[in-house]
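> Model the full structure from these sequences, guided by the hints.
So you can see what is in the structure, the chains are spelled out below.
Protein chains: 2
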Amino acid sequence: MALQKKNAYHVAVMGATGVVGQEMVEILEERQFPVEALHLFASERSAGSTLTFRNKDIVVRKLSEEVFNGIDIVLGATGGDLSKKFSPHAVKAGAVVIDNSSAFRMEPAVPLVVPEVNGHTLANHRGIIANPNCSTAQLVMALKPLHDAARIKRVIVTTYQSVSGTGKEAMQELMEQTRALMNFQEVECKVYPQQIAFNCIVNWDADPETGYTEEETKIVNETKKIMGDDAIRITATTTRVPVFRAHCEAVNIETEKKLLPNEARALLSAFPGVVVMDDPGRKLYPTPLDAAGQDDVYVGRVREDRSVPNGLNLWVVGDNLRKGAALNAVQIAEALIR
Amino acid sequence: MALQKKNAYHVAVMGATGVVGQEMVEILEERQFPVEALHLFASERSAGSTLTFRNKDIVVRKLSEEVFNGIDIVLGATGGDLSKKFSPHAVKAGAVVIDNSSAFRMEPAVPLVVPEVNGHTLANHRGIIANPNCSTAQLVMALKPLHDAARIKRVIVTTYQSVSGTGKEAMQELMEQTRALMNFQEVECKVYPQQIAFNCIVNWDADPETGYTEEETKIVNETKKIMGDDAIRITATTTRVPVFRAHCEAVNIETEKKLLPNEARALLSAFPGVVVMDDPGRKLYPTPLDAAGQDDVYVGRVREDRSVPNGLNLWVVGDNLRKGAALNAVQIAEALIR
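Line by line, the protein sequences give chains A and B. Read in order, the letters of the first sequence are residues 1 to 338 in the UniProt record's numbering. Read in order, the letters of the second sequence are residues 1 to 338 in the UniProt record's numbering.
All the pointers check out, no bait thrown in.
Here are some of the chain A residues that sit facing chain B, going by a computed Cβ distance under 8 Å:
#: 1; residue: 160
#: 2; residue: 206
#: 3; residue: 241
Listing some non-contacts, in silico: residues in chain A with all C-beta distances to chain B over 12 Å:
#: 4; residue: 26
#: 5; residue: 47
#: 6; residue: 51
#: 7; residue: 52
#: 8; residue: 53
#: 9; residue: 55
#: 10; residue: 108
#: 11; residue: 258
With a straight-line cut-off of 30 Å between C-alpha atoms, the simulated BS3-like cross-links for lysine-lysine are:
#: 12; chain 1: B; residue 1: 168; chain 2: B; residue 2: 84
#: 13; chain 1: B; residue 1: 62; chain 2: B; residue 2: 84
#: 14; chain 1: A; residue 1: 5; chain 2: A; residue 2: 92
#: 15; chain 1: A; residue 1: 257; chain 2: A; residue 2: 224
#: 16; chain 1: B; residue 1: 257; chain 2: A; residue 2: 258
#: 17; chain 1: A; residue 1: 224; chain 2: A; residue 2: 85
#: 18; chain 1: B; residue 1: 224; chain 2: A; residue 2: 283
#: 19; chain 1: B; residue 1: 283; chain 2: A; residue 2: 224
#: 20; chain 1: A; residue 1: 257; chain 2: B; residue 2: 257
#: 21; chain 1: B; residue 1: 190; chain 2: B; residue 2: 168
#: 22; chain 1: A; residue 1: 283; chain 2: B; residue 2: 168
#: 23; chain 1: A; residue 1: 283; chain 2: B; residue 2: 190
#: 24; chain 1: A; residue 1: 258; chain 2: B; residue 2: 153
#: 25; chain 1: B; residue 1: 224; chain 2: A; residue 2: 258
#: 26; chain 1: B; residue 1: 84; chain 2: A; residue 2: 283
In case anyone wonders, no lab produced these hints; they're calculated from the structure. Note that beta-carbon positions come from the ideal geometry of N, C-alpha and C, so glycine has one too.
Put into structure tokens, the structure is as follows:
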């Protein structure tokens, strides 16, 4: 199913008032996406508010099954339930949906895409294209060039995830809890089950049998799908830290072929969208503050892991709202209209 | 070299005004260590201040080579340089030194001790006993019962370390930076090279060749020494997070013999000083806030890692000032006088 090529497109953002939706609007403007008209949709609660696009205020309208007529591309930034409900209507109306929710990611017929890694799978879409989980997107950006050169056998990923991944209420909660603690007041937990300020928590539902969180399972399954290789063995531990924006990942890999750190750095540097920031002698490595607001995925702390014959440790930092969500969705749209 | 048994001892704390030194004084009182007299020493800068012990103010005196006469046990809470300079004088004066610095940890003749793990090595001391690095202490507490039951072949440890590990100036810096950011003011970095508030950083010197930090190397070497097994292969990634107290560790292990999560939980629960806090269905797992101020090492998130035949993931949280430093030192002293 190919998108009909035009000079400019009717683009809709579904879930426009959330952190990812707002970021999509900004990125469409920033990257000069050929927008004929921008249509913003959200739940009833947020309908009526406005967002600015190209110096014009656009009113957010209530999402319903009937809003998709005449729209070419829908960028989905709602939760899975809303996406499941509305995306099929958008497709029926002739739009292509690029969905940031987890609703369709693991459906075999739905391409799950990071353009630099598996852009070729876009050709097979049937109206819905899935955008990966934020932690997965930055992970596969670092894995792909190493996998192509040396075949990755095993990945152990440990995350330090920022609160913006949960949404703006979570950012507000970190702010409020921090302010309360600085003023010796009691802390309220509304969004997260435990205090996030000055703490490390696990805020995803865990499988009572295996103990793995939804986030960990997503990383494992989505990485295999995007890399197009079910033979890669992956295990993950996900943790939320008191950081506003950008996720860090400590990534341990084992490869079939030996890769020295300098070879890995060269492969990563040559990969589009990845920046190597790695000079231990000068204490250079990426932090969340470096990656926040940036498009690139930063890799540093590339070290030989001598506990196995062909091991490497990496430190991967990316903006969870950009490459981890809105930017990747817009890049998919760019690939579709190319 | 055995400590002469008495009803009560002359105990000195060297570096008494730092976070670890103060914690040692508190723990000696809390655990009713048989103290005949407590002697507090610090650098010139801190000499003259007082600390309270058993409701009495004790004046901190300036550390010098001549202060150790008549002292039975020295708890060392200075940095490595001061310990190297003064510990031999304490030993010469007849004291046993339990040193929290890294100065002597890897010397073959110096026992490096976590009493629950390798208390038997205390018998061989020659006057100096080393207390491990904070991250190592809580790690070996979780590894030991699993190693004894199933032989650990490989460990991949990823840390989330609190700022109290750096000292009180670092705790102050996290507080001040947080306050500045909440008031939209500029952040000052005096202790850490980068902003720690709402960020994740690496504040240890890294080897320019291998890229590994001093902290990572300590974890690898000290773990092997304490476990008494050089065959365990270990790799580590250490990171500082904006948390005041208690370190978290994501620990991935591979064992010779298969260990199911329930078997691992039972082994860990039975080990002295370890508490299992693990019920995924009830979202129960330890956070730094749970462990802060506590003596036990908490283990949760025990999961089978199916990416290898005999793999397990663990989440280990401990108070870096207690089991990671002052408590372990006092426990060594308790073992010596038993």
